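Asks: Kindly generate the complete structure, drawing on both the sequences and the hints.
Protein chains: 2
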Amino acid sequence: MNIRFNNARLLMPGEGHSFKIVEGELWTKDDRIAFSGTKEEAKKALSENEMLVWDEVIDCKRNLLMPGFKDAHTHTAMTFLRSLADDMPLSDWLYKQVFPREDKLTPDDIYWLDFLGIMEYLTSGITSNFDMYFFPPMNAKASVDAGFRTVQTSGFNNFGSTIEDLEENYNIVNSMDSDLVSFIVGYHAEYTTSMERMEGVARLAEKFKSPVFLHNAETKSEVDECIERWGKTPTELMDSLGMYEYGGGGYHCVWMKDKDYEIMKKRNLYAVTNPCSNVKLASGICDVKRFLDEKIPLAIGTDGAASNNALDFFREMYLTATLAKVKHMDASVVDASEVLYSAVSEGAHCMNLNDCDTIEAGKKADIIMIDMHKPNMQPENNIVKNLVYAGSKDNVKMTMVNGQILYRDGQFNLMYSPEEIYAKANEIINRMRNC
Amino acid sequence: MNIRFNNARLLMPGEGHSFKIVEGELWTKDDRIAFSGTKEEAKKALSENEMLVWDEVIDCKRNLLMPGFKDAHTHTAMTFLRSLADDMPLSDWLYKQVFPREDKLTPDDIYWLDFLGIMEYLTSGITSNFDMYFFPPMNAKASVDAGFRTVQTSGFNNFGSTIEDLEENYNIVNSMDSDLVSFIVGYHAEYTTSMERMEGVARLAEKFKSPVFLHNAETKSEVDECIERWGKTPTELMDSLGMYEYGGGGYHCVWMKDKDYEIMKKRNLYAVTNPCSNVKLASGICDVKRFLDEKIPLAIGTDGAASNNALDFFREMYLTATLAKVKHMDASVVDASEVLYSAVSEGAHCMNLNDCDTIEAGKKADIIMIDMHKPNMQPENNIVKNLVYAGSKDNVKMTMVNGQILYRDGQFNLMYSPEEIYAKANEIINRMRNC
Numbered sequence: 001m002n003i004r005f006n007n008a009r010l011l012m013p014g015e016g017h018s019f020k021i022v023e024g025e026l027w028t029k030d031d032r033i034a035f036s037g038t039k040e041e042a043k044k045a046l047s048e049n050e051m052l053v054w055d056e057v058i059d060c061k062r063n064l065l066m067p068g069f070k071d072a073h074t075h076t077a078m079t080f081l082r083s084l085a086d087d088m089p090l091s092d093w094l095y096k097q098v099f100p101r102e103d104k105l106t107p108d109d110i111y112w113l114d115f116l117g118i119m120e121y122l123t124s125g126i127t128s129n130f131d132m133y134f135f136p137p138m139n140a141k142a143s144v145d146a147g148f149r150t151v152q153t154s155g156f157n158n159f160g161s162t163i164e165d166l167e168e169n170y171n172i173v174n175s176m177d178s179d180l181v182s183f184i185v186g187y188h189a190e191y192t193t194s195m196e197r198m199e200g201v202a203r204l205a206e207k208f209k210s211p212v213f214l215h216n217a218e219t220k221s222e223v224d225e226c227i228e229r230w231g232k233t234p235t236e237l238m239d240s241l242g243m244y245e246y247g248g249g250g251y252h253c254v255w256m257k258d259k260d261y262e263i264m265k266k267r268n269l270y271a272v273t274n275p276c277s278n279v280k281l282a283s284g285i286c287d288v289k290r291f292l293d294e295k296i297p298l299a300i301g302t303d304g305a306a307s308n309n310a311l312d313f314f315r316e317m318y319l320t321a322t323l324a325k326v327k328h329m330d331a332s333v334v335d336a337s338e339v340l341y342s343a344v345s346e347g348a349h350c351m352n353l354n355d356c357d358t359i360e361a362g363k364k365a366d367i368i369m370i371d372m373h374k375p376n377m378q379p380e381n382n383i384v385k386n387l388v389y390a391g392s393k394d395n396v397k398m399t400m401v402n403g404q405i406l407y408r409d410g411q412f413n414l415m416y417s418p419e420e421i422y423a424k425a426n427e428i429i430n431r432m433r434n435c
Numbered sequence: 001m002n003i004r005f006n007n008a009r010l011l012m013p014g015e016g017h018s019f020k021i022v023e024g025e026l027w028t029k030d031d032r033i034a035f036s037g038t039k040e041e042a043k044k045a046l047s048e049n050e051m052l053v054w055d056e057v058i059d060c061k062r063n064l065l066m067p068g069f070k071d072a073h074t075h076t077a078m079t080f081l082r083s084l085a086d087d088m089p090l091s092d093w094l095y096k097q098v099f100p101r102e103d104k105l106t107p108d109d110i111y112w113l114d115f116l117g118i119m120e121y122l123t124s125g126i127t128s129n130f131d132m133y134f135f136p137p138m139n140a141k142a143s144v145d146a147g148f149r150t151v152q153t154s155g156f157n158n159f160g161s162t163i164e165d166l167e168e169n170y171n172i173v174n175s176m177d178s179d180l181v182s183f184i185v186g187y188h189a190e191y192t193t194s195m196e197r198m199e200g201v202a203r204l205a206e207k208f209k210s211p212v213f214l215h216n217a218e219t220k221s222e223v224d225e226c227i228e229r230w231g232k233t234p235t236e237l238m239d240s241l242g243m244y245e246y247g248g249g250g251y252h253c254v255w256m257k258d259k260d261y262e263i264m265k266k267r268n269l270y271a272v273t274n275p276c277s278n279v280k281l282a283s284g285i286c287d288v289k290r291f292l293d294e295k296i297p298l299a300i301g302t303d304g305a306a307s308n309n310a311l312d313f314f315r316e317m318y319l320t321a322t323l324a325k326v327k328h329m330d331a332s333v334v335d336a337s338e339v340l341y342s343a344v345s346e347g348a349h350c351m352n353l354n355d356c357d358t359i360e361a362g363k364k365a366d367i368i369m370i371d372m373h374k375p376n377m378q379p380e381n382n383i384v385k386n387l388v389y390a391g392s393k394d395n396v397k398m399t400m401v402n403g404q405i406l407y408r409d410g411q412f413n414l415m416y417s418p419e420e421i422y423a424k425a426n427e428i429i430n431r432m433r434n435c
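Going down the list, the protein sequences come from chains A and B.
Once you know that position 219 of the first sequence is 219 in this note's numbering, the rest is easy, because the numbers rise by one and skip nothing.
Once you know that position 262 of the second sequence is 262 in this note's numbering, the rest is easy, because the numbers rise by one and skip nothing.
The hints are simulated quantities; they were obtained by calculation from the structure and are not laboratory data.
Only a predicted model underlies this, so the values are computations on that prediction, with no experimental measurement involved.
One should not assume that every hint holds.
Below, a list of computed lysine-lysine pairs in the DSS-like style, where the Cα atoms sit at most 30 Å apart [what the hints assert, rightly or not]:
| no. | chain 1 | residue 1 | chain 2 | residue 2 |
| --- | --- | --- | --- | --- |
| 1 | B | Lys259 | B | Lys209 |
| 2 | B | Lys20 | A | Lys96 |
| 3 | A | Lys289 | B | Lys96 |
| 4 | B | Lys259 | A | Lys327 |
| 5 | A | Lys327 | B | Lys257 |
| 6 | A | Lys257 | B | Lys220 |
| 7 | B | Lys209 | B | Lys20 |
| 8 | B | Lys363 | A | Lys220 |
| 9 | A | Lys327 | B | Lys289 |
| 10 | B | Lys39 | A | Lys424 |
| 11 | B | Lys20 | B | Lys43 |
| 12 | A | Lys220 | A | Lys232 |
| 13 | B | Lys289 | B | Lys39 |
| 14 | B | Lys96 | A | Lys20 |
| 15 | B | Lys327 | A | Lys259 |
| 16 | A | Lys424 | B | Lys220 |
| 17 | A | Lys363 | A | Lys424 |
Replies: Pasting the structure below:
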């Protein structure tokens, strides 16, 4: 599809991690952005390209076009556990409610539950996700069928799959005939994985020259127990195993020590914060300010819908900024612009989606339209701050992935109807409700 | 308007602070709920009331009808300052950015800025607000013109108005020919108000047998300085001045001491928590668990859009529950059901709107419809937890106040167009941008 968006405002990169608003146009050609710039630039480009043919011209009515949000840590198919088991201690939730039901998941379940999650991403303006869950090839199939962009890593641990499975999944997904899906080496976490297996992951990272991602320092007890076991924090341990030769990063990063920040800086690792999950599961508050101060790249994730319980990036952005403020008891720390940069650009870099970080010409057409004609976007004192501090899913007027409009004015453009997907999701959880 | 909502699910009161979901119907007659119950009960009621004539029959398609949210602390017209001055220390924000511009507000400004706020309330399913701001009669006029329900209190302090003005506003608003508006005695806060003036408020409360509301213990320095000045916390001081003879309560209530909880319990005072404002302005985290444990009634408010920066009740509910969990480092504290009860019912009691707390027959028709056909409401493991932990403004399909549908499928039913209201709001802030 070649689409001309006119009468738009564009969220373009500014100095450093800032943004500027440009009144103008954006054109897509197939899966890429062919042009984005001012009205004058558009006029000039039009006069030089007499052969341009549009499938559709969309009058944006001065609504905002911007890069989609990058959900840099999630377990999409966990949608089936949403609101099944809340308001209980973390260990009961995980060991009594989550694990026994996950054991019963089939690849077919994953497919349908991923579709439900992808629908929810689209309503929130999320255009790609960094997923860790079971049956990666099936997860990739769901994304390709939906037209959604997914980078996967492995949830490899002591239970179930082997290091050979991890390698096989890496190869299957990375050789699929679609640039919507890719795979980066990773595993669940130190506390669920034996030394032998972690060493296997390190060897695989070396073999593929891949970054490595894992849950890291989500809870205090996780870090305390790792130090007790190995005399090192998870970050120190992974570094000593040579796991970060090609970069990577940690999900959550709540309970980090001074040495961990040093390692992250030295290795250029990404910190992926999951603020909603961390407060709801009472894990703690990530020190986002310190990551930013130390110039450690920061991305944002929703975690799975079982934890938090929604895939809502506006809520995550709000909490990323405001929890830092209350943690430091200083309203001036962590500027909205930094948070928006993490949400749309740094998340892309973290997932190795360097063509999805801005809406400049040549980049992938992963674009959302924000409705500026809703009351929460008015008056227009500062559009970036309005997005981070006042925005909601209600403002997402369109979500385009890889040049295809998958969601527009509340309607989905997917191969299954919403009711079909909802019926499947309810059927799956009903099957295992009493286990 | 007499409306028959059929094929609905209804959020009805359960035991204590819980809810139950009833499949059935709801009928409105003018400003009240004429019937709400199961399909069978509806059938029986229909056969007994042959004279029923509907202006409209709405097929709810199994969407959820529930009481609207009660925004129990806000400064509606502060919409003009949204996103104008964020990410700065609290004192700079208040003294350099907010106060100088508030000085320039006219009654006409208040009218338009209130309309903008009311639009935003409607998109979030808020059906009434407890407002504190300038020019209460104009604020009341905006609510009446919009068809919105507003309870006001005074922002009385050392600057500007007199105790006679407060009394006059009380009388004007309470004698207006509309049950949409009312006025309860209150003032800004101890730290902005002289002893003489506080004593005047206490006398007025006695004269009108009115509860008294004020900002209380929002910041640590506020409480410390009050103790330094008077040897008492704000709550102790108000109680010693006889201000709580007829009840009332405090907004924020973040920095409460043991004695304060005792007084609140003894006087049956309401604690109104404002979690988004408190984290964004780095004021602290309210101990919601303790209020609930002590059976002190808890309501929820957004505060003004200058603080937080949106009037989004889903965000407030999420933070009310989850900040309590992270504060106590225990995921099991504060159940979603308690938070929903605060949001829809206890907020009504706090504002003396005892006819607006449920959607039972005979109550006021302040009703919202939640779209259950959005992905974040699926699967339907637990509707109450879905609302509190996964809900968003995107789920608000309809907002009815006093029997009138004011918002439906994204469209407003107001006497001015959205663009007219937005233009006024931008004009007002542009006029005073550089002050």
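Asks: Take the hints in turn and mark each one as holding or not.
Replies: Results for each hint:
Straight-line distance between C-alpha atoms of lysine 259/B and lysine 209/B comes to about 25 Å, which keeps the hinted pair within the 30 Å bound. Between the alpha carbons of lysine 20/B and lysine 96/A the distance comes to roughly 26 Å, so the proposed pair stays at or under 30 Å and holds. With a CA separation close to 25 Å, the supplied pair lysine 289/A and lysine 96/B stays within the 30 Å bound. Proposed proximity of lysine 259/B and lysine 327/A is supported: the alpha carbons are some 26 Å apart, at most 30 Å.
Taking the CA atoms of lysine 327/A and lysine 257/B, the gap is about 21 Å. The hint holds against a cut of 30 Å. Simply put, lysine 257/A and lysine 220/B have alpha-carbon atoms about 29 Å apart, close enough for the 30 Å limit, and the pair holds. For the given pair, lysine 209/B sits about 36 Å from lysine 20/B by alpha-carbon distance, which is inconsistent with the 30 Å threshold. A distance of roughly 49 Å separates the Cα atoms of lysine 363/B and lysine 220/A; the hinted pair therefore is violated under the 30 Å criterion.
For the hint pairing lysine 327/A with lysine 289/B, the CA-to-CA distance comes to about 19 Å; that is within 30 Å, so the pair holds. Distance hint between lysine 39/B and lysine 424/A is fulfilled; the C-alpha atoms sit about 27 Å from each other, no more than 30 Å. Proposed proximity of lysine 20/B and lysine 43/B is supported: the alpha carbons are some 21 Å apart, at most 30 Å. Between lysine 220/A and lysine 232/A the alpha-carbon distance is near 14 Å, which keeps this suggested pair within the 30 Å criterion.
For the proposed pair lysine 289/B and lysine 39/B, the alpha carbon gap of about 38 Å is over 30 Å, so the pair is violated. Proximity of lysine 96/B to lysine 20/A is assessed by CA-CA distance (about 26 Å); at most 30 Å being required, the pair is judged to hold. Proposed proximity of lysine 327/B and lysine 259/A is supported: the alpha carbons are some 26 Å apart, at most 30 Å. Among the hinted pairs, lysine 424/A with lysine 220/B is inconsistent with the structure: their alpha-carbon atoms are about 51 Å apart, more than 30 Å.
A C-alpha spacing of about 35 Å is found between lysine 363/A and lysine 424/A, which places the hinted pair above 30 Å, so the restraint is violated.
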